[in-house]
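K.L.:
One letter stands for each residue in the lines below.
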Amino acid sequence: MSEPGAGKPAKARANGGRRLNIGAVRSSFAPWNDPSAVPLVRFEGVGKRFGDQVAVEDLSLEIYPGEFFALLGPSGCGKTTLMRMLAGFETPDTGRITLAGEDLAGVPPHRRPVNMMFQSYALFPHLSVEQNIAFGLKQEGLPKAEIAARVVEMLDLVKMAPFARRRPDQLSGGQKQRVALARAVARKPKMLLLDEPLGALDKKLREETQFELMDLQVELGVTFLIVTHDQEEAMVMADRIAVMREGRIAQIGRPEEVYETPANRYVAEFLGDVNLFDARVSQIDHPMARLEAAESLEGFFVLDDDCPAAGSAVSLAVRPEKMRISLEAPPQGTHNVLAGEIWDIGYTGDWTNYIVELPGERLIRVARANASRFVERPIGWDDKVYVTFDPDAGVVLG
Amino acid sequence: MKASWPRPSALIPYLWLAIFFALPFLLVFRLSLSDSALSIPPYAPQIDWSGGLAGFRRFLAGLDFDTYGRLVSDHLYIKAYISSLSFAAQGTLFALLIGYPMAYGMARCRPQTRNLLLMLVILPFWTSFLIRVYAWVGILKPEGLLNAGLGLLGLPNIDLLYTPAAVQIGLVYSYLPFMVLPLYAVLEKQDHTLLEAAADLGSPPWKSFWQVTFPLSIPGVVAGCLLCFIPMVGEFVIPDLLGGPGSLMIGRSIWMEFFANRDWPFASAVAVALLIMLVPPIVLYQRQQVRALEAGR
Amino acid sequence: MKRGASVFNLVSLTAGFAFLYLPILLLVIWSFNASRLVTVWGGFSTRWYGSLFHNEQLMGAAWVTLRVGLVSATLATVLGTLAAVALTRHGRFLGRTLFSGMSYAPLVMPEVIMGLSLLLLFVALKVDRGLLTVTLAHTTLTMAYVTVVVQSRLATFDRSLEEAAQDLGCTPARAFWSVTLPNILPAVLAGWMLAFTLSLDDLVVASFTSGPGATTLPMRIYSQVRLGVSPEINAVCTLLIGAVAVGVICWSLASKWRTAAGRQPPA
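Chains A, B and C, in that order, are what the protein sequence lines are.
Just so we're aligned, residue 5 is where the first sequence starts under the numbering used here, counting upward by one.
Just so we're aligned, residue 218 is where the second sequence starts under the numbering used here, counting upward by one.
Just so we're aligned, residue 4 is where the third sequence starts under the numbering used here, counting upward by one.
Bound conformation, chain A alone:
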């Protein structure tokens, strides 16, 4: 869907009427759209249960060389199990996993050409920073000089050279994270697995580290697979995201795809906030479609792409930041107008979130960027307001 030149607002209609997604797009890199590209990792019908509990179910997935791939989902969705199966710490009950064409079944963790950065970092407490980094190299039986050179290289890479002699318990959380990273990439793995790599860091550090990880991935040219429950982390860093739910993949796509064109209600609700309206397609008149919904007498007018045939029951998903809120009634003829009363206001500084009560006790959420410091008349509790959104703001979910 995304193409060179994207980055303009969704409204801009270019390329013969095809709309382009918003988002930071590494546009030249899309091996998943290239039929001749060979995936590095292939999960084929992989399943795993623990006792009665299904962790992963009949899951198939391909990850391409050089990709930064994120597995995103709530805890217990099977993302960590999937990663641990790739590292060799769990054995799939069904299906198979191949890495660079080689079936991994029966290959123990220590013979797999992947390395993992553990959520707890798992730095060996009895070894110094440099000994930790050298650990994996020693197992390969490399000559001492080569190990020493590689350790120095890794220390420089993560800017930890001054701390080479420290023990892990003398390091801050961010420093530990760097050492864990250096240790994992020292062996030049075909693929680096990162289990919640930023989970233990505070918010500021997390943001910085996100960018560092992205730079590092480009620099090393190693394929990254990251497991996270934090959507922001996945969206910022990953080329593609697989949103997981109860052992299955709910959607795979670029960050902007899964956010702007979620495949189903689950993905729409899991990523960010969304207002969902139960509706029925009443009329399709290309490029527009009209939906009947309890919230609007006139019905909603939306773009007709991906819209099922008239008569189908659908959900209309509209993100709060794509709605506008106003005290004044919009001009006659404006589509998609909802009148209501302010129920609650949440001011977060950069944004203000309004909870608006529509007739019938229906609550919707509208977000407004606080682009200026002052307004003529602020919106207050119990004010009568009008909420509108453009026809291309909503997504029709089957």
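Hints may contain errors.
Derived lysine to any residue pairs resembling SDA-like cross-links, with alpha carbons at most 25 Å apart [stated by the list, open to error]: (1) C:259 / B:336; (2) A:163 / A:98; (3) C:129 / B:272; (4) C:129 / B:236.
Just a sample of chain C residues kept apart from chain A, beta carbon distances all over 10 Å, derived [as the list claims (entries may be wrong)]: (5) 11; (6) 14; (7) 23; (8) 45; (9) 50; (10) 93; (11) 99; (12) 163; (13) 174.
None of these hints come from the bench; they were simulated from the model.
On a predicted model such as this, the values are computed, not experimentally measured, just so you know.
Note that beta-carbon positions come from the ideal geometry of N, C-alpha and C, so glycine has one too.
Position chains B and C relative to chain A; hints supplied.
P.N.:
Chains B and C only, in chain A's frame:
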């Protein structure tokens, strides 16, 4: 996950325990079905391997439950079992009454003091059990320290040595650390904000103790009581050194049958009966250990 | 529990520790008493220590005990550590329930039963009773304690460290040697110490399983104590207590020094 064969590294301790722990119990059971005899070793029948299958049949035919019959019909042994259980139950109760306030007090100290006190509780573990029990002989004997102290206060002498009371003192004294440690482990881990929350919700301290602290410490109470009760039942050294002929305990009976009377089959039968008695508390203790281990994960 | 100790806490602690330590303290005092009577202070004297070192029976028994203790504690540490690893790391295997039962049962098993059953085993195997049989018996008796100590450490030991080692190219066995063992070493050593002192201390199992020429110190002490309080035994006890106290103090100083070294503030 399917059960697999134990790995070689597990097999070594496994085999060791099978040979030196499980197999001997089977031997005890088998011997308890034999009869005492004037031979070396002093029991009959013995397996006659030279007789082949017929010899083994003869051996099986020689086994019977006579020793158990004696055990049930002899009041002395029934009494010994009952008195062992009652000694152990009382000893456990006293250890709990002394140990709980100690563990509670320790848990309320500052961390450094706490560690020091913890070490002081553990330290007696490292000093000989026999020696510590023996020290009480010097205190309790008629011309011992206790009576010297009572004499100074102008009180009448009491003869405690070789009485059930002396055994009780010895039991409580020896097993007190086993009570304090699990209690302390539970109490120390308790979040003190729970008590603040209870106070905040209007509960006075003594009520908070009974409504919050104590219920949460029950796993420690159970572990401590079992850890005291089970070995107390089979105790030998304490009744032997501090108790008189009136302080019947089953561990001592086994010892006497074995060393003094050289009646190995009967000693074995007494041991089997003791073991059967101890199975329920031991199983309870094991379950609790497993649960604690899983909760700790 | 942040709030300080109350009067009630202080009283119960003082009384409890007095109860625990008074008899030990008295033994030490009596060992320096010139008089044979526990209630009469005959002046400070080390005569009992002197006669102790000329008591060849006691010294011989001490030597036997020491050898049994060193060998059995070492064997028990190896076996108990292997058992602890199997119980915490090997998942489910055939006969695991039986194995864990056998691993813990010696903790609560009456010593009289253990002694009797081991004796019957040695009789059945036609092994002459002596140093070897006591050592085997003590290994079996004490390995359960090692298992418990090591297992509780392993249970809190971050498993991802072992996984990280494997991820970095170690076989499971190598991961144990190069990562797990160095980190659980304090627990393994504590287990060894516990096994050693239990072996030094044991009277009942040793009485059943030892033979002529392998009389251990507790057996010797026991037979003397049965004849009445002997000041020489007080001296032995004081020496043993002193050795333990020195050992424990060294241990705690070492661990304090270690934690202090580990707590250097990041510059």
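K.L.:
Are the hints correct? Go through all of them and say.
P.N.:
These are the hints, each one checked on the structure:
1. C:259 / B:336: 13 Å, holds
2. A:163 / A:98: 42 Å, violated
3. C:129 / B:272: 20 Å, holds
4. C:129 / B:236: This hinted pair holds, its Cα atoms lying about 14 Å apart.
5. 11: 39 Å, holds
6. 14: 40 Å, holds
7. 23: 35 Å, holds
8. 45: 55 Å, holds
9. 50: The claim holds: residue 50 of chain C sits with its nearest Cβ about 50 Å from chain A, beyond 10 Å.
10. 93: 15 Å, holds
11. 99: 16 Å, holds
12. 163: Check fails; 4 Å does not lie beyond 10 Å.
13. 174: 6 Å, violated
When the structure is compared with the earlier hints, violations turn up for hints 2, 12, 13 and for no others.
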